[in-house]
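> Listed below, chain by chain, are the residues.
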Amino acid sequence: KQEVTQIPAALSDPEGENLVLNCSFTDSAIYNLQWFRQDPGKGLTSLLLIQSSQREQTSGRLNASLDKSSGRSTLYIAASQPGDSATYLCAVIAGTYKYIFGTGTRLKVLA
Amino acid sequence: DAGVIQSPRHEVTEMGQEVTLRCKPISGHDYLFWYRQTMMRGLELLIYFNNNVPIDDSGMPEDRFSAKMPNASFSTLKIQPSEPRDSAVYFCASSSPGLARGTQYFGPGTRLTVL
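Heads up: the sequence lines are chains A and B, in that order.
Anchor point for the first sequence: position 56 equals 56 in my numbering, and the numbering is continuous, going up by one each time.
Anchor point for the second sequence: position 109 equals 109 in my numbering, and the numbering is continuous, going up by one each time.
Possibly wrong hints are sitting among the right ones.
Claimed, not checked - Listed next, the in silico SDA-like pairs over lysine to any residue satisfying Cα-Cα at most 20 Å (straight line):
1) K108(A) with M39(B)
2) K1(A) with G59(B)
3) K98(A) with P61(B)
4) K1(A) with N32(A)
5) K24(B) with P84(B)
6) K42(A) with T38(B)
7) K42(A) with R9(B)
8) K1(A) with G42(B)
9) K42(A) with R111(B)
10) K68(A) with Q51(A)
11) K98(A) with Y31(A)
12) K24(B) with Y97(A)
What the hints contain is simulated information worked out from the structure, not anything from laboratory work.
Just chain B, same shape as in the assembly (with noise of 0.2 Å):
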């Protein structure tokens, strides 16, 4: 199995600027997660779907940030527009009730910078 792909890898833009990122979890895996890591809030769990359904979203930071799921095999993370304290590693990552309580699996992360 290729694991959890994202893409890009890094992304600058510019200030106002809207980015997208992007995620294909594991194959058969129903539980997608979106987090954010930064120097000095370490990594925080943004939004999570299971069945391509958003279930909690209550670490999304603002109304600028949007999270979908349309199938099964790709999810995205909108900012619009982004700002400089955007600027972080955003990871996906994702789990199947069969696996050992729920341990999920990260990709590598996209690094935002936003200028």
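Only chain A is shown next, with the shape it has when bound in the complex (with noise of 0.2 Å):
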């Protein structure tokens, strides 16, 4: 059975650190993995979607990398604001559109 965990549970810094975010699986046989923002209240927001045979995705001041092998993903954060305060979860695409998510990693950077 897929588990998905993360790294740490909440992390708190302040603004301008390059911040890392890790998601492990123990399941190396997956389609894709997909990172996501979810604020206070809201609904999940996709920030970067890694396919299979990818080993890396950059949006902006978001870089993530996929290391399919030893089940792992990291997500970084360039010169962290706090308007990047949420939480962030992973999730693995085992199947045509079965996602497995990770427990989440609660981030707050401090002004």
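These two chains come separately, so use the hints to put the complex back together.
Now the structure itself:
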């Protein structure tokens, strides 16, 4: 059974730092991996989608890497800002439209 | 586009009552998903539809839960009778094969509290 874990569960850092959020999964047979952002009381916003044949994706200050063989993905946030404060979720796409979500990392960026 | 629309945004009910959650997917999307989010279990897929037909309902917790999609622009998730352990945020999402490998767009969620 696929299990997705995110470490750390919570992170608090001053603004301007380069941050690293980790996602690990137990079964490397995945289609894609996606990172989402969730603001309090809101739905999920897709940040980056990494297809299984790719090693990384970049969007602005965000960069996500994928290492299927080791069952790991990392989300890098460069030059963090208070507006980056949110919960970040990774989801493994294990079958057609079958999303398995991680436990989330609650990020707080201090001004 | 207005995005995925869910109603109500908040629902408070008493144990034993019937609860109906509603979702309108993004126009043109032919996949619709229902998720439940709790502190203990995180985000879990309950059921998903393709072209209004349920494809996988293995995540539906028990017979008290039922979901329907009578047409391409509307879906309901019903809980009857509701129990306190059903308290959670319920999300609806939609997608289309034309999107990058099935990217899903999520609604704002319905926060359900069962007293």
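> Compare the distance between the alpha carbons of K1(A) and G42(B) with 20 Å, and conclude whether the hinted pair is satisfied.
16 Å, holds
> Is it true that the CA of K24(B) sits at most 20 Å from the CA of P84(B)?
Violated: K24(B) and P84(B) sit about 26 Å apart, past 20 Å.
> K1(A) and N32(A): Cα distance at most 20 Å?
The hint holds at about 17 Å.
> Does P61(B) sit within 20 Å of K98(A), going by the straight-line distance between their CA atoms?
17 Å, holds
> Does the structure keep K108(A) and M39(B) at a Cα separation of 20 Å or less?
Cα-Cα ~18 Å, so holds.
> Please verify whether K1(A) and G59(B) have alpha carbons no more than 20 Å apart.
The given pair, whose Cα atoms are some 14 Å apart, holds under the 20 Å limit.
> With the threshold set at 20 Å, check whether the alpha-carbon distance from K68(A) to Q51(A) stays at or below it.
Distance of about 11 Å is within 20 Å: holds.
> Run the distance test for K98(A) versus Y31(A): straight-line Cα separation, threshold 20 Å.
Holds. K98(A) to Y31(A) sits at ~10 Å (cutoff 20 Å).
> Within a Cα-Cα threshold of 20 Å, do K42(A) and R111(B) meet the stated pairing?
10 Å, holds
> Assess, step by step, whether the Cα of K42(A) is no farther than 20 Å from the Cα of T38(B), and give holds or violated.
14 Å, holds
> Is K42(A) close enough to R9(B), meaning Cα to Cα at most 20 Å?
10 Å, holds
> Holds or violated: K24(B) with Y97(A), Cα cutoff 20 Å?
Answer holds: K24(B) to Y97(A) is near 19 Å, not above 20 Å.
Consistency with the previously given hints fails for number 5 only.
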